[in-house]
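Asks: Residue numbers (the numbering used here), protein chains in the order written: chain A, 2 to 240; chain B, 2 to 240; chain C, 2 to 240; chain D, 2 to 240; chain E, 2 to 240; chain F, 2 to 240.
Since the hints were derived computationally from the structure, they do not count as laboratory data. Check each hint, because a few of them may be wrong.
If several chains are the same, the list does not tell them apart, and a pair holds so long as it fits within one copy or across any two.
Derived DSS-like pairs: lysine-lysine, alpha-carbon spacing no greater than 27 Å straight-line [unchecked claim]: (1) K100 / K182; (2) K100 / K147; (3) K120 / K100; (4) K182 / K161; (5) K182 / K120.
All values derive from a computational prediction rather than experimental measurement.
Number of protein chains: 6
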Amino acid sequence: MVLGCIMGDPGRAERIVVKISGKLISPDHPELVEDYAAILGRLEEEGYRVAVVVGGGHVARRYINAARRLGSNEAILDLIGIAASRMNAYLLALALGGKAYPLVARGLEEFMAFWSTGKIVVAGGFQPGQSTNAVSAILAEAIGSKLIINCSTVDGVYDKDPRIHPDARMLPRVTVSELVKILSRTQSHKAGKYELLDPIAMRIMLRSRIRLAVINGFNPENLARLLGGESVGSMVEPE
Amino acid sequence: MVLGCIMGDPGRAERIVVKISGKLISPDHPELVEDYAAILGRLEEEGYRVAVVVGGGHVARRYINAARRLGSNEAILDLIGIAASRMNAYLLALALGGKAYPLVARGLEEFMAFWSTGKIVVAGGFQPGQSTNAVSAILAEAIGSKLIINCSTVDGVYDKDPRIHPDARMLPRVTVSELVKILSRTQSHKAGKYELLDPIAMRIMLRSRIRLAVINGFNPENLARLLGGESVGSMVEPE
Amino acid sequence: MVLGCIMGDPGRAERIVVKISGKLISPDHPELVEDYAAILGRLEEEGYRVAVVVGGGHVARRYINAARRLGSNEAILDLIGIAASRMNAYLLALALGGKAYPLVARGLEEFMAFWSTGKIVVAGGFQPGQSTNAVSAILAEAIGSKLIINCSTVDGVYDKDPRIHPDARMLPRVTVSELVKILSRTQSHKAGKYELLDPIAMRIMLRSRIRLAVINGFNPENLARLLGGESVGSMVEPE
Amino acid sequence: MVLGCIMGDPGRAERIVVKISGKLISPDHPELVEDYAAILGRLEEEGYRVAVVVGGGHVARRYINAARRLGSNEAILDLIGIAASRMNAYLLALALGGKAYPLVARGLEEFMAFWSTGKIVVAGGFQPGQSTNAVSAILAEAIGSKLIINCSTVDGVYDKDPRIHPDARMLPRVTVSELVKILSRTQSHKAGKYELLDPIAMRIMLRSRIRLAVINGFNPENLARLLGGESVGSMVEPE
Amino acid sequence: MVLGCIMGDPGRAERIVVKISGKLISPDHPELVEDYAAILGRLEEEGYRVAVVVGGGHVARRYINAARRLGSNEAILDLIGIAASRMNAYLLALALGGKAYPLVARGLEEFMAFWSTGKIVVAGGFQPGQSTNAVSAILAEAIGSKLIINCSTVDGVYDKDPRIHPDARMLPRVTVSELVKILSRTQSHKAGKYELLDPIAMRIMLRSRIRLAVINGFNPENLARLLGGESVGSMVEPE
Amino acid sequence: MVLGCIMGDPGRAERIVVKISGKLISPDHPELVEDYAAILGRLEEEGYRVAVVVGGGHVARRYINAARRLGSNEAILDLIGIAASRMNAYLLALALGGKAYPLVARGLEEFMAFWSTGKIVVAGGFQPGQSTNAVSAILAEAIGSKLIINCSTVDGVYDKDPRIHPDARMLPRVTVSELVKILSRTQSHKAGKYELLDPIAMRIMLRSRIRLAVINGFNPENLARLLGGESVGSMVEPE
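Isolated chain A, as found in the complex (with noise of 0.2 Å):
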């Protein structure tokens, strides 16, 4: 029973954050859309507070690319991937109609205020050098969830990348320091690249003892299957 342990406190909602690549949530796949909207709003009346952070996927990716050859530097970079991942989150709070709140949030301040009316929140990022993965955490930490929800475009965390080597296992279960040690190879410092699990993220994982579900979000009912006790993806523990 993977979640047991997060759900100390019977008399409060249990709240969760969920973190959606922005390769789902975009205009090219509004079925999905659709579909995370329709999850989400079945999780709030199960009794789940949720917030919800949404990446910039292809179009920050385009805008980004079109910026970069203009001459722009990588904190502006930022600026515009944040720009279109607000977009993207725009696109879910409208799915969620009025089960939501009708703006998305640009900084931890307006979040709180968002979050105090009890509707879902979207968020897209927030500020430069934070990956909207940190923008994850610190929601979890502000709202005290012990849990965030990566829907991913991978079906969790391997121990090498599958997409070179064929051999690659997948991880039910990592620790915050061993997935560090598996991304050290990998990842890049420039703007709007992918980044499972960004520095700022590790740090506030690791501060406040949240854990991190990887699960693959292109079937959006994993995310259901996961908070029904089913064992989906990959879970890094702050150990």
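Given chain A, work out where chains B, C, D, E and F should sit, using these hints.
Replies: Just chains B, C, D, E and F now, kept in the frame of chain A:
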């Protein structure tokens, strides 16, 4: 000499509004963005003061289509189209570097504040119910410009739709009321639909005697040629 | 039974947009402001959700005239007219007390945030180039209302201008296109000029199938009578 | 030579705060607005840096009276009076054109940002509980001005109310404490009530050694005459 | 029974404004912050609606002193004192958790928006020229509270300064005008100077018939005792 | 000649980011604030364009400790630490007077707008999850600076903690990766903890080839000496 008559006040910098289609200023065409930045920068050096409005283009279209499928109404679709137009506008502002105000104006009051710095100001859409063509007309009126240059995806105004009628003829000169008749046969009222001249823009052109040049924006040099006095595209007269 | 057909979805609060002329909601008629607050409060208790848009009226007219004499252009005149409409809107919000959101919405995004609180939301104008009639239509679309009630200074729509033609006849039912023809003979394009139906409002009514009731707002009870099913004033159909 | 002593620092532009009654800057007197814009523009050309505060006047009075009848409390009445003062302030900013910052400052931080552009900055009221006279004093302190010129609707300070006492005598020179005694017999505490010198303004004048010239603003030339060294109206000395 | 007369309207939650000295709500006394959060939370559960204003205290004093040495004028000193008061206010909001709106109100309009959510709202200072005592009075007026409770660093109002006169006597009941006389011998006009009752607060108490209880806030239970009907500290009557 | 290589583009003002510890710019050391203002002003006169970032220091530490005791989580602790850093930043902006933009930048977009005025811009923290060191790196990237000068409370980078190891040796030159190894033995992840180089700052230095000078900021002249070409403190190279 097409533009002679607009240069009435030699003591003041000539003011123009340049509307550029979101199909031209977009991540799909960084080289066009670069070219437009170069030409607009040159215009400024030659003593023009320039306000620029950028449309939403394909990115807007894709978000609007996705949001429509998610059940959003037209007013909300406008909102997401406006957000997309601001991304394109920001891309152009980045390419302009220090010559442009570093933020995209989101309404007329904000525009006036940015404009007072003396820099080129770039805007996308302002509010639902207004196309970026309407925004161009509002800005022209606000800054006292008598000319809007619409860098569009067509060569100019035709007497019938050239995609259907092989014998369509481009009109070097046309009045607003003639244009209204031509357009009334082809336009739709859906959010983000292409509109060369929306009702607000038309009304403003008439009440403030503003001319509208329609040129093929795939070749940015058309902009320089037009201001150099050459006959390019069509001139819509507020008559 | 005029309004039967708009009550399709019994599980959801009926949503209506009430546009009130700035000649009615103004410091000149505190008793009318009081009456409107009472009726709108009653509607809310009966289960309606209500968005209200207030025009600029005489105060707007006076500021616009003064600013025009000072050399302001039409776009800037719109700005000062919008500011005046917000003063009137605020007056109504004050009269509504705890039933209304305590700030006046200045754009659609802000409106949606205020609307999500469940309270009555009052707006004035949004942006230059849009009359408060256009704002009403945008709000109707955004909240999914199929009816705008225009509390105007006339009894309804006439086939000709009743101030000039003693034989003018009020039309209980008229289509948008018929109204356009009637208005095309009388309207002007100056900022703040009285307009029953501006081009944006018309376009939105058509694209989203919204009806517009025009009633004499000097008697606020007309509003309650209309919603009670009586035939009052004219109904403009999006046909 | 009334103003000689305030011109201590020849290397820096002389800074003055001009308070103008809302009875003078209003849509009722566009010609006065025009005259003030001309004079303030001239002052700027002569090397003064000028901050302007405009009161609410008749429009504020009418909204306050209406809102009071609707049951609003005094703090809220202040809010609507402040909104009206900003409309008048905006009218003056429009008349000043490019010489003024194009937005009305709504608080001290915003004022300081606008002021840093080098332009004339116009403000109305800031917050409930403060009259526009208090705002003038705060701005004088903030920009290091040693003189506030109050363009009022009276000729100057009288030893008794001249509307009642035919033998009232205008005082060319009076100390703050003398003025307090004179005013204590006539002033009221209701929102928007005319107050030549509210307690905050008085306190600030004392603590920062600021002088207050009270002149008849129906003749804008009085402003130029005063700065030219003529004896006009009354000078209130911070002792 | 001190408070009996303020409880006139049994159908509406009793509204009170609690002003707490920045010497009590500060990082120096986290245990006091905790105690106040507990008591304010309890009051809310008992059916009170509570607005809280927190002063700047020692932190404000230190920043003001430093800025004064750097040559800042009094208006700017007020700004930095206001910033410090908001830090203390935020500390209290944090301690109140979900019972308080998560942002500190920075002006009356913002306060009214936050207040409309039904939560406890915490403010610091608003604008230069106003002490946090003035803010308390403005809020009392705005929300229709007839009682401000000033949790101060003294036991109550004395007939003379008890730090100097061993025979000073605390006054259980005093009128505003008596208090003014007492204070006129001791107060200064410098920014951030301690003031039990500034001129704005006094004027508002008089015009809206608001009472001010002055209690020793080092013992937070005094607040509960006062509301329970015990005689604690001094009651200043708007007489 | 330490800084020779960063001065590549003679036609453009040299741009530098100066990070100053909140232990130096604080109300505890007004004389240091004064000294820094003088030196930064001098640098600007010599043709540098300067962005300044100020940390939270002791005030931040005290608020964070108090809030932690009140049960706040780390993300919220970051918020209050950021608020404190902005107080210190404001103190420096005040001391800089007209040479600095009069508001503290709260995010990168705001910073870019302020920066476009040509003035010195001062910032504190931006968002939770980012130290003020990260903000320095983001700003360096955004303005195209190749050098951050960290005015810290230590003499430079040591090979071990000099407070513990008497034989610790200061390193005049060190690479980022060497520094990471040194720091990995000493740093903690709690909010507001002192960090010479957080992971974001490091990543940005690497991706944009920015150097970091660490100098003892208790002597502000070290800043001038460093820019004058002297060897002061440690230079961290993006190698």
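Asks: Under the constraints set out in the numbered hints, which ones does this structure not fulfil?
Replies: Violated: hints 1 and 5.
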